[in-house]
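Residue numbers (our numbering), protein chains in the order written: chain A, 1 to 400; chain B, 1001 to 1287; chain C, 2001 to 2592.
If you are wondering where the hints come from, they were derived from the structure by calculation, not from laboratory data.
Just so it is clear, CB atoms sit at the ideal spot from N, CA and C, and this is done for glycine as well.
Fair warning: there could be bad hints in the mix.
Below, in silico cross-link-like pairs of lysine-lysine (BS3-like), each with a Cα-Cα straight-line distance of 30 Å or less [unchecked claim]:
1. C/K2002 <-> A/K196
2. A/K138 <-> A/K223
3. C/K2148 <-> A/K138
4. C/K2179 <-> A/K99
5. A/K341 <-> C/K2148
6. A/K169 <-> A/K138
7. A/K196 <-> A/K172
8. C/K2464 <-> C/K2148
9. A/K292 <-> A/K268
10. A/K396 <-> A/K341
11. C/K2075 <-> A/K138
12. A/K99 <-> A/K169
Derived Cβ-Cβ restraints for the label pairs, each shown as a range [claimed, not checked]:
13. A/D250 <-> B/D1166: 42 to 50 Å
14. C/L2584 <-> B/A1083: 55 to 63 Å
15. B/A1083 <-> C/T2268: 37 to 45 Å
16. B/A1083 <-> C/F2167: 40 to 48 Å
17. B/V1277 <-> A/D250: 56 to 64 Å
18. A/K138 <-> C/F2167: 28 to 36 Å
19. B/P1075 <-> A/N301: 52 to 60 Å
20. B/L1279 <-> C/S2358: 24 to 32 Å
21. C/A2024 <-> A/G70: 47 to 55 Å
22. B/S1005 <-> C/G2387: 32 to 40 Å
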Amino acid sequence: MGMSRRAIVALLIGAFANAVPPAAAAPSGPPVRIGSTLALTGPLAATAMLHKLVGEIYVEQLNQRNGLLGRPVEWVLKDDQSKPDLARTLYEQLITVDKVDLLLGPYATGNILSAMGVAQRYDKVLIHHTFGIPNLAKYDKQFPTWSLGPDPATTFPTTLLNALAASPKPPKTIAVVTSKFPSVQFMSMGAREIAKKRGLNEVLFLEWEFGNRDFGPIASRVKDANPDFLWVGAIGLEGNQLLEALKKIDYAPQEHFYMYPAPGPMTKAPEAKNALAATIFEEHPPFTNNPKAAEFVKLYNERAAKAGLPDTSVETQAAASYTAWQLLEAAVTATNSLDDKAIAQWIKTNRVDTIQGKLRFDGPSNYGDDLMRVKQVQNGRWVVVWPPEVAAPGAKLLVQ
Amino acid sequence: MTLPSLTLVAQAVLSGVFVGALYGLLGLGLSLSWGLLRQINLSHFALAFLGAYLTYQLASVGGIDPLLTLLVIAPCFFAIGAAIYWLLARFAVTPLNSLLVTFGLTVIVESLIQWLWTADFRKLESHYGNVTWRAGSLYLPLPELLTLGIAVALCTAAWAVLRYSDLGKALRAAAEDAPIAAAFGVNERALAMLLSGACAALAAAAGLGLALSHTLTPSQIYAWIGVVFAAVMIGGLGSALGPLVAGIVIGVSEAVTMALTAPSWAPLVSFSLLIIVLLVRPGKIAA
Amino acid sequence: MKRVVGALLAGAVALAAIPYLHVAAFYESFLYLVFLWVVLATSWNILSGYSGYVSFGHGAFFGVGVYTTAALAAKFDWPFLATLPVAALNAALLGVALGAIVFRVKQVRAELFALLTLAVTFIVATIILNTPIDGGPGLYLSAVPVPKLGPSAASSFFFLGLVAAAFAILVAYGIYVSKLGSGLFAIHDDEDAAEVLGVPTYRYKLIALAISCALAGVAGGIQALFVSYVTVAETFSITVPLTVVLMSVLGGTRHWAGPALGAAIITTLTYASTAGDYVLAGKASVGLILIVFVLFRPEGLLGGRARRHPPVAPARSQIEVSARAAAATAAWNAATSGSRIAPGDSSGSTLLAVRSLSKAFRGVQALDGVDLAVRRGEILGLLGPNGSGKSTFINVVSGHYRADGGSITFDGQSIAHLDAHRIARTGIARTYQIPRPFAHRSVLENAVLPAMFGAAALDRRSAKREALRWLEFTGLADRAEALPAALNLHQRKFLELARALASRPRLLLLDEVLSGLTSSEIDSAVQLIWRIREQGTTIVLVEHVMRVVVALADRIVVLDQGRVIAEGRPGEVMAHPAVIVAYLGSKGDAAG
């Protein structure tokens, strides 16, 4: 005897019901509170804005899914005004007064270090996205999502010089000019070492203080030295300032690289043509082959435009930030808890799927693979040009 | 290590002159209001940046030539300057207190700027930016030349007005001894408001200079305070040409240092030089 | 005074209980930051608020403290607490080195000092950035153990901050009520007058600067460990120098607790505006609050005493004036019955001997080889047309100016190259033609100062008694609590006299004390001068009012264009042809 008709219908209905994803169950219950600070005002505000935007996007997406552990997520964000002593105190406030469940890091090395000290004292996990000096990160529950690798001062210049060696005009002479901003300076020192080891002739080495206003004389000296390759240890606008000064004395460097430039201005300035920089993510395949990444890029472009940002593309900053949230979500979901010990343990022993790829955190200072790529301004956009396996389709390192 | 070429040094000197001109232009309004009105107007920097942002906005979005935007911005700022003076005078604010009040104004203006334009970088791309003149082997970029020209013109004009015109004499008299000047028929209040308005208009001009050559972000307001204060104090309070000369001395000494040795030593050279000059000749550098 | 110290200590002890009350660590850290700024603002105020030498360089001294501690602790493994005295010392040394040079240059006042201190900040920052002290990467202190002073690390910083802040406030208060403080406030009002009254201005400024810097250095050292990663850009930014000024002005620079109050308010406001939403509105409202505070409380929240005294007294009638003078004389006579400043000595021996005294200003020879002697117990009239060098003479003798050449011997001691305050100590006092009272001090305090710092060198209590005595002598005793602005010209001139006398001078130099007075006021002034001479004080009287000089003076010296052209008894001198020519040209009469 076959099933009754009603049974068959019931079976079909049941099967159907299971095949269609349930209408998003709104997360419910007391919110999971994630606490962090960002430089919403002060000199670091220009870049910190991006991180705020990313965080807002992510939290929105999270709450549209199922929150964390089925509960809605609330981001408790404070303004550290670009000051480390405020950052430190605010993290203490977040932990001891606001009593947030989990932490995320602030923007930039100095403030992250302050926050790290506090996190260490309270044994809380600190996931951060913009830390530039790996050997200073000595706390065992801190996790970086900016995949510099544990020794970027050696690995990255190597990557870069490999890229240049493979280009149509491999450089024989190098000029290293750098800001004395800590996270940039140490990379520039590494660059000098690597360049020397590879037999490049250093024709100029200059350092300027962070906050220098007049790049004219430095530009003149660069022009005089006329290097094949110009390494500029620049942060923020310094690269643009140098390029403008070079333009004014009618000099365009043959190959030029900028450490941590403010991304937008570099693409917009005509004199920044073919400028090289470091990145972990750009808005093109193969990075955007990851569907989550593609979705994020689209959403970010929209939101950034709405917020009136001159530059709306996703690159290292936004990507590292998004990765940090992804890491947090993954760890919480996998351990099904908000317990910092369990989360830390899990992160150290697992690989996590993020828009940067599969990340690990088991190296020195919890750093994993070095995922720093070389990108170049081509036709007003950043495109990754090295290593070839992650370069934009058909893109090659262009030389003047 | 080879010695730098003469061209390099000369170009560096030029570079120093250009940046010094901007110090002078920024310092002009500050110096006049400090010396003649006894008001230390920290908000001068905020106004300059506001002017710069407005220039950027009108030129980039409105398509107006940056130089022409001054015709619109300066008069508005004149009114703001007069209002600031009115406020400070109404409450008889002492010089040190004016520092505090204008600091409050600075914070408000900074917040306003950040609210309107976000903290992100804004750069005025004008056709001036692409023009560079040549003088032999030296390069004279047009935006910087314009700023230099505006600075020299305004400072000289201010100097001439103060020195030769009745208005200027009245201003200086009122600054030295208001009651006596009043006895001679000098309307101190009206003059002071006029001067304060003019200083704010000068801030707008400085803003133009900033917009032409620099990328803008709100927190940069504070980056100029230290060096411009130095230029103003060295040049002599109330002096029109002083800040310009002092600014250029600072700019050139730093630039030459950067051309000859490690650039990060530049501030040491310029400020040591200034300390020595001040101790040896405590009078002003500019007459 | 004891009450205040007691209250402060009690307050500190009460605050010390906080870490044990199980409050969230954030509040301890927040209070630590308040304490830090209390130290910074209070220390700044000790020099800049008290003496008026506004410094824009507090960041340099703070930074020196930061880097001393950071370098010693991070690079040389010193225990943290041991680095703090060194931080204080380094900062103080820098300050004193700067001050020793800068304070010696006479024209360095106000804006110049502010500029120099600002320049020092740039210089120190650049040196630290370019040398192995930092070199660029910054210094990392998280490996430095925080001393266990409380139940948690935050508590340790709380206690460090509390002790530093309590200490700073106590020091500020201590200076405020001390002789050093009186001297500093006098310097603020009128440095030259203070120096001439006996205040060792150079030394006092250096002491205030050293203390100010040392405290800033300690604050820096503690902050270095608190932030645990120090960079040049962050440490030497414009924040510290600017904020300490704002905090002090907000709270009141003339009060010892003003800066502390300002620090508490501004730090609290800073934290009030850190909530993630509406940061810009929050920031703007902080600016607005500051503006409102300053506009409505211009002397700072704890600012100077309220000026409750009546406005300038109406001109008194002649009868009133003479009656007052007579009453004062009677009262004074009764009170002091003949005690004198110096033994009456009309032996005629020389008290002040001046030989070949020269002084030039930018090509104008104000004094050109002046020879004169002042005899003990006499009233010497010093006359001459305008520009003859009379005032310059007084200025040089009192030490206001340095002589270019010649010698000045006072009672056997050569004083030509002494600082003015030392000259005052030897027993010389002067009045100013245009009275220069200390505008922010009461009439009584104006007179107390010379009693403390002058030849008499009394302690504060005795100085007060002495000052009151001279106020009675000059008929100002009932205006003792008033501020000089409330006095009319006559009273201010008499205040000048009282001030000069309070130091018990043996030689009194009166610079046109009668100018601007009415006829009856002149009469009472003359009475006063006679009585002063009866005290045993020798007087040099520079005057234009002929009849007075002729009546008062035992001898007259006439100067013209920096040279002595006549000397002798009044009658002789006034008939001297050269004198007549000097005053009046070729004809005219010498009547007053």
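I'd like to know which numbered hints this structure contradicts. Please list them from smallest to largest. Hints 1, 2, 4, 6, 8, 10, 12, 15, 17, 19, 21, 22 contradicted; others consistent.
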